[in-house]
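Got chain A sorted already, so can you dock chain B onto it with the hints?
Number of protein chains: 2
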Amino acid sequence: MKISCQKTALLNGINIVFKAVSSKSTMPIMQCILIEASYQEIRFLANDIELGIETIVEGTIIEPGKIALEAKMFSDIVRKLPDSEVLIETNSACQTNIRCERSKFNIPGLSGEDFNYLPDIEKQKSIILSQFSLREVIRQTIFSISDQENARMMNGELFEVRGNHLRVVSLDGHRISIRNLQLKESYDSMKVIVPGKALNEVSKILSGGPEDEVRIYVTDKHILFEFEQTKVVSRLIDGDFYKIDQMLTGDYETKFEINKKELLNCIDRASLFIKESDKKPIIMQIENSNIYMRIDSSMGSMNEEIEISKEGKDLRIGFNPRFLMDVLRVIDDDTVSIYMINSKSPCYIRDEENTYVYLILPISIAA
Amino acid sequence: MKISCQKTALLNGINIVFKAVSSKSTMPIMQCILIEASYQEIRFLANDIELGIETIVEGTIIEPGKIALEAKMFSDIVRKLPDSEVLIETNSACQTNIRCERSKFNIPGLSGEDFNYLPDIEKQKSIILSQFSLREVIRQTIFSISDQENARMMNGELFEVRGNHLRVVSLDGHRISIRNLQLKESYDSMKVIVPGKALNEVSKILSGGPEDEVRIYVTDKHILFEFEQTKVVSRLIDGDFYKIDQMLTGDYETKFEINKKELLNCIDRASLFIKESDKKPIIMQIENSNIYMRIDSSMGSMNEEIEISKEGKDLRIGFNPRFLMDVLRVIDDDTVSIYMINSKSPCYIRDEENTYVYLILPISIAA
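These protein sequences, in sequence, are chains A and B. Here our numbering is used: position 214 in the first sequence is 214, and no number is missing along the way. Here our numbering is used: position 337 in the second sequence is 337, and no number is missing along the way.
Do not take every clue at face value.
Since the list can't tell identical chains apart, any single copy or any two copies may satisfy a pair.
Lysine to any residue pairs mimicking SDA-like chemistry, simulated, CA-CA at most 25 Å apart [claimed, not checked]:
#1 Lys104 with Thr60
#2 Lys313 with Arg102
#3 Lys260 with Arg79
#4 Lys72 with Met299
#5 Lys275 with Arg79
#6 Lys125 with Lys310
#7 Lys104 with Met73
#8 Lys260 with Thr8
#9 Lys260 with Ile49
#10 Lys24 with Glu262
#11 Lys80 with Arg329
#12 Lys72 with Glu276
If you are wondering where the hints come from, they were derived from the structure by calculation, not from laboratory data.
One chain only, chain A, in its complex shape (with noise of 0.2 Å):
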């Protein structure tokens, strides 16, 4: 194999498959960027099995054939070469030399022969949307997976299709987090549960904005996304996900509107007195159209009212402080509407027309 590509190319393309590349196995190849040079493309791809990545690199094939190459000890060098062309050469006993300017490297490649290609993916139907659209949709629901090895699917999010509707949930046994999305077209009801490995990988690696479309296509045990000269291949999580519609209602006994970035704060501020492993609440008081916060701890104390605007009846609850954080830095609203039923049940924060529903339940407090 001879290919010639520009470095900036190059290491980009190498950012890309990286993120699918083991870190945990000890079997070499798995550590390793395959580099394929046919079929008048350059393309990179990367395997550990759970995700599998595969993108195409500008530049000039001189001579086809296949290296795999140690992804670190590969990444390093590209990333340290000057600014200019690049030449990788590879000979029969898969030594590779790496030119650019006047350095030249060699290290010791694989043949590849036994890399774990990506799984071919039947391409019928594929779901359209927006880079950026997917990438906010992740962003706004993949804080709130378990990261629990024994409650399999809560590591990943089910993202659901009916007709020209998209519904993405995670959940953690504490709180959910649903987004939904109008598709420009409709579908075929789907139903699946991607793991948030992916998810996260898959959100790094799109850069597009709102024009640039990814499509995503799923057979019975793989997810594949799409977009521009990229493959990312993920295993679904086997299962049925958890029946959350019974648990969503409209109801409530108590609904107020708070400025976002005021509420963040102050529960920033007030968690200072909290720590993790306490487990202790951040109890808010609602009461007219003040909300008072209060936090007491040995480490000292900590009180605040912030002005809402309310419906319903007063009210007094505790949360987990990370659990409210963590929702209202997603949000982009300046104003959120938070609905509440009593101080055992859990509350909502939702817009309108329900873009995104947070549900987190409460901490017991003694009365």
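Same frame as chain A, now just chain B:
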């Protein structure tokens, strides 16, 4: 005590003195910032015995007094306050009330009776230089102090004044860094060893430019840096500094000029194949008007050549690549001059005027 300050002024004061808060001590008072409101000014102080910092914070004294507050909590609270006026009020039990807009914090404080004040420095003659120069001089030498605790003298830098000349020296047994600086006035001779920690912190706090002064006072045991509203006092390191003059020679067998950035980037690339633990040298083959760099390791090999403008003999010599990079990173010149004698003698990197002189010992290599 009752004072009122703007949040930004408070935070700035905290950030300055925080560097002298003890991170190791288990004595509560050592982990505090002392606020002292008296004599028409609000002073913040911190002192971990090795290093003490005090600074004046702008604000209004409503009731004079003092209080010692746990530095981390005080800093966290102020950082999270709205950008507005902050009222700090203490009661006779040292409970401290911090108010800003509608936030109210209560934290316990200490009376500050057992606070270690900064030592009194008799202010006789001060040495004056610009904040910019002091910051630069520290930056260009501090990297070659030793962090080995059993070499106390190498944990600091020599500050030596003779007439209108300041020399700053650091060394770690493998290399010596020297910066020479012309002062505006002449002073009595002086020679002290200043701990690296103090210099590091001073250079972080110094924000002024070439027009802003810093005044340096020295006693038997202490050095005081005074600038703007801030005083930094450090203990000195006891003892006579190494006699380095006999190690410095003007003789050389090989001299070459080289593009600093090309050399730095080349060594940086080559060092990819050198693990710090290996202590493998990077080998420079100086031949005619080129340097040939070559690295061979189990991970791969690299070679590169760089054009130089040379006087004297050809030479093959090996170095710890980090030592060369440390020096090249702090030199502002585009072209550097390197002087060598043979493969076993130190090499010198210096400019014509000896503004900077860097000595690096080579690593012996097989012939």
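Consistency of the hints with the structure:
1. Only within a single protomer do lysine 104 and threonine 60 lie at most 25 Å apart by alpha-carbon distance; the minimum there is 19 Å, versus 65 Å between protomers.
2. Only between protomers do lysine 313 and arginine 102 lie at most 25 Å apart by alpha-carbon distance; the minimum there is 24 Å, versus 75 Å within a single protomer.
3. Taking the shortest alpha-carbon separations for lysine 260 and arginine 79, only the inter-copy value of 19 Å comes in at or below 25 Å, while the best intra-copy value is 41 Å.
4. For the homomeric pair lysine 72 and methionine 299, the shortest alpha-carbon distance between copies (12 Å) is at most 25 Å, but the shortest distance inside one copy (45 Å) is not.
5. For the homomeric pair lysine 275 and arginine 79, the shortest alpha-carbon distance between copies (18 Å) is at most 25 Å, but the shortest distance inside one copy (40 Å) is not.
6. When the C-alpha separation of lysine 125 and lysine 310 is checked against a cutoff of 25 Å, the pair qualifies neither within a copy, at 47 Å, nor between copies, at 68 Å.
7. For the homomeric pair lysine 104 and methionine 73, the shortest alpha-carbon distance inside one copy (14 Å) is at most 25 Å, but the shortest distance between copies (53 Å) is not.
8. Taking the closest pair of Cα atoms, lysine 260 and threonine 8 come within 25 Å of each other only across two copies (23 Å); inside a single copy the shortest separation is 41 Å, beyond that limit.
9. When the C-alpha separation of lysine 260 and isoleucine 49 is checked against a cutoff of 25 Å, the pair qualifies neither within a copy, at 41 Å, nor between copies, at 45 Å.
10. In the homo-oligomer, the alpha carbons of lysine 24 and glutamate 262 never lie at most 25 Å apart, since the shortest distance is 43 Å inside one protomer and 36 Å across protomers.
11. For the identical chains of this complex, lysine 80 and arginine 329 are inter-copy neighbours only, at 15 Å across copies versus 36 Å inside a copy, given an alpha-carbon limit of 25 Å.
12. In the homo-oligomer, the alpha carbons of lysine 72 and glutamate 276 lie at most 25 Å apart only across protomers (17 Å), although the nearest pairing inside one protomer, at 35 Å, exceeds that limit.
Hint check: violations occur at hints 6, 9 and 10; the rest are consistent with the structure.
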